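Chemist: Chain by chain, the residues:
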Amino acid sequence: MPFVNFLKRNLVVLAGLVTLAYLLLPNIVVTVFSFNQPKGRFNYEWQQFSTDAWKDPCGVADMCGSLSLSLQIAFWATLGATVLGTMIAFALVRYRFRARGTVNSLIFLPMAMPEVVMAASLLTLFLNMGAQLGFWTILIAHIMFCLSFVVTAVKARVMSMDPRLEQAAQDLYAGPVQTFLRVTLPIAAPGIAAGALLAFALSFDDFIITNFNAGSTVTFPMFVWGSAQRGTPVQINVIGTAMFLIAVLLVLTSMVIGNRRNKQKA
Amino acid sequence: MKTTDSSGDVRLSGISKTYGSFTAVHPLDLTVPQGSFFALLGASGCGKTTTLRMIAGLEEPTTGTVRLGDQDVTALPPYKRPVNTVFQSYALFPHLDIFENVAFGLRRRGIKSVKKQVEDMLELVQLGEQARKKPHQLSGGQQQRVAVARALINHPKVLLLDEPLGALDLKLRRQMQLELKRIQTEVGITFVHVTHDQEEAMTMADTVAVMNAGRVEQLGAPTDLYENPQTTFVANFLGTSNLIEAEVDTKSGDDIVLKAGGGKLVLPEARCSAPTTAGGRVLVGVRPEKISLTHADDAGEIPEGRNRVTGRIADASFIGVSTQYVIDSPVCDELAVYVQNVERDGRLVPGAEVVLHWNPAHTFGLDATQDIDAGIEEEAV
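Quick mapping for you: the protein sequence lines, in order, are chains X and H. Count the first sequence with numbering that gives the first Met the number 0 and you get residues 0 to 265, in order. Count the second sequence with numbering that gives the first Met the number 0 and you get residues 0 to 380, in order.
It should be emphasised that the hints constitute simulated quantities derived from the structure, not laboratory data. Incorrect hints may have been included.
In silico contact screen, one side only, chain X against chain H (beta carbon under 10 Å); selected entries [said to hold, decoys possible]:
id : residue
1  : Ala98
2  : Arg99
3  : Val157
4  : Asp161
5  : Glu165
6  : Gln166
7  : Ala167
8  : Ala168
9  : Tyr172
10 : Gly174
11 : Arg181
12 : Ile186
Here are some, though not all, of the chain X residues that point toward chain H, as calculated from beta-carbon distances under 7 Å [said to hold, decoys possible]:
id : residue
13 : Met160
14 : Arg163
15 : Leu164
16 : Gln169
17 : Asp170
18 : Pro220
Computed from a predicted model, the values in this text were never measured in an experiment. Every residue, glycine too, gets a C-beta built ideally from N, C-alpha and C.
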């Protein structure tokens, strides 16, 4: 039974490949259909190869505007959530204060709460306060729900950090500011970076909360949702593919740099 | 390179530390002279690390002052004290390479050209090749040397070492003990070394302070501590001691004659730290290697004037350089005797009747009101 033996030996590899295919198949479909030239308004059936959409990615009215808005919101939401979340994480790990336990569990609530409920409640809150829905309400909402993720990511890192490292820095003539900048921050950096990436991804593709609290402002996910009712332009696939490629490129570059650095050291 | 100036003296006066109702260090006065290798020895939780951290400034004393030379540093934060620490488990910065770890202190003090100094220092600890590696790529012994280099490069007035060899295996630890001693002699800086390993303290330090439950039990040179322990804790914690309960009988000249289990023992009065009124109780101590063992049949050959105790061998273990006997005796249940394996007497096997004898000058006397077993449980390693 050579086939069974082959299966036994390569089961892990095969399972890995199947899982990978499962993960990547949707991405491949997005990429393939970015080269389609659909008949009619819907990009659901393969017709023929074309690079028209790639040559004119902003050819659809309002799409690039919504994309740039989404990127701006994601940028500011990431910045806000990362700074606040890092400070909260340090406070929770390093200091003993009265409401510490309560804060620790409250931080998890936004993650546990159904998004649609939170979205509706936020809308109620904004309306009662008489706030004008738009960029700022979206940003406030995004920072709010990204915070918990940043806190969780940074907290794990800070908790595993040896407090003696900071004592050693102080012992070696580093004042409080220097200690934070030279030792604490660089060591916590991977956790902070993970939190920031998570925040960016969550903010960029959030639909439910944004849709409730955007007023007449249209972000990229909202644009895709809206156009899906009326017909999907190929450019959406182009943007999706481009984002995917940029992400992959970033990961590859950082890996290459990391490898080269390690090789120099060794 | 030892100098007579006192700028590297460490003077602790009335220093103490309490956490809530727990007293980690009782008010304590201690002077470590410039250029000396000083060890704080004790079991875990005896307050030795707390004392060290108060010198470093990482712990604020509840009472008392810390002085370095003539400068009162009690109120100074750690980064303003001319003191550096080698931490337990080293606390090397994982995100910096070895060079940058060692250069850290210089850079923080705004020194620009660090290359030469760092390279020299890495040479001193024999790590010149490893400068561009990260700490986790080094072995335990190498990391330990980086920690020493990182502290020493700042030319501190005092170097504090907090159990620096605790994480190393026995062989490497012995090697590093000699290495640290060599470096200390070379640079002439005052070293204050915290350890729970009595052999380590005795090998390395000029002066050892034995701490127990937040207090200094005894302070002195290693030989002095070993030969003349003042308390049962010191007698048992440093090496092994045989302690025999005895009663003061008479005095003859400089010696005290004691009654123990029907026999008589002689103890030089100068070596007794207990009150010696007739009829009072004293603990008679003698180190196991000072005792000679003679088979009961040859008891007549033992010279006059030696302290004698009879007994029966309960156990004998051969450990190469010596044989360690446990003797069951009327004066004491388990007397330890270490005999060098020079001329081995084949009759000295478990069950044999023997006479233990030793020069009275090697006897020391302790106050019998103390716990006779103090310090035995705590002895580590």
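Chemist: Hints first: check each against the structure and report whether it holds.
Modeler: These are the hints, each one checked on the structure:
Violation of the interface hint for X/Ala98 is found here, the shortest Cβ-Cβ separation to chain H being roughly 22 Å, above the 10 Å cut-off. Among the interface hints, the one on X/Arg99 is violated; its C-beta lies about 19 Å from the nearest C-beta in chain H, farther than the 10 Å criterion. Interface hint status for X/Val157: violated, as the beta-carbon distance to the closest one in chain H is roughly 14 Å, over 10 Å. Of the supplied interface hints, the one on X/Asp161 holds, with its beta-carbon coming within about 6 Å of a beta-carbon of chain H, less than 10 Å.
For X/Glu165, the interface hint holds, since its Cβ comes within 10 Å of a Cβ in chain H; the closest pair sits about 9 Å apart. Proximity of X/Gln166 to chain H holds as hinted, the smallest CB-CB distance being about 5 Å (cut-off 10 Å). Taking 10 Å as the C-beta contact cut-off toward chain H, the hint placing X/Ala167 at the interface holds, the least distance being around 4 Å. The interface hint given for X/Ala168 holds, since its Cβ lies 7 Å from the closest Cβ of chain H, which is under the 10 Å cut-off.
Hint status for X/Tyr172 relative to chain H: holds, with the closest Cβ pair at about 4 Å, below 10 Å. Hint status for X/Gly174 relative to chain H: holds, with the closest Cβ pair at about 5 Å, below 10 Å. With 10 Å as the threshold, the beta carbon of X/Arg181 comes within range of chain H, its nearest partner Cβ sitting at about 8 Å, so the hint holds. Hint status for X/Ile186 relative to chain H: holds, with the closest Cβ pair at about 6 Å, below 10 Å.
Evaluation of the X/Met160 hint against chain H yields a violated restraint, the C-beta minimum of about 9 Å exceeding 7 Å. With 7 Å as the threshold, the beta carbon of X/Arg163 comes within range of chain H, its nearest partner Cβ sitting at about 4 Å, so the hint holds. Because the smallest distance between the Cβ of X/Leu164 and any Cβ of chain H comes to about 5 Å, under 7 Å, the interface hint for this residue holds. Annotation: X/Gln169 was flagged as interfacial toward chain H, and the flag holds, the nearest CB pair being 4 Å apart, inside 7 Å.
For the restraint placing X/Asp170 at the interface with chain H, the shortest Cβ-Cβ distance is roughly 5 Å, inside the 7 Å limit, so the hint holds. A distance limit of 7 Å between C-beta atoms decides the matter here; for X/Pro220 the minimum to chain H is near 37 Å, and the interface restraint is violated.
In summary, the numbered hints that this structure violates are 1, 2, 3, 13, 18.
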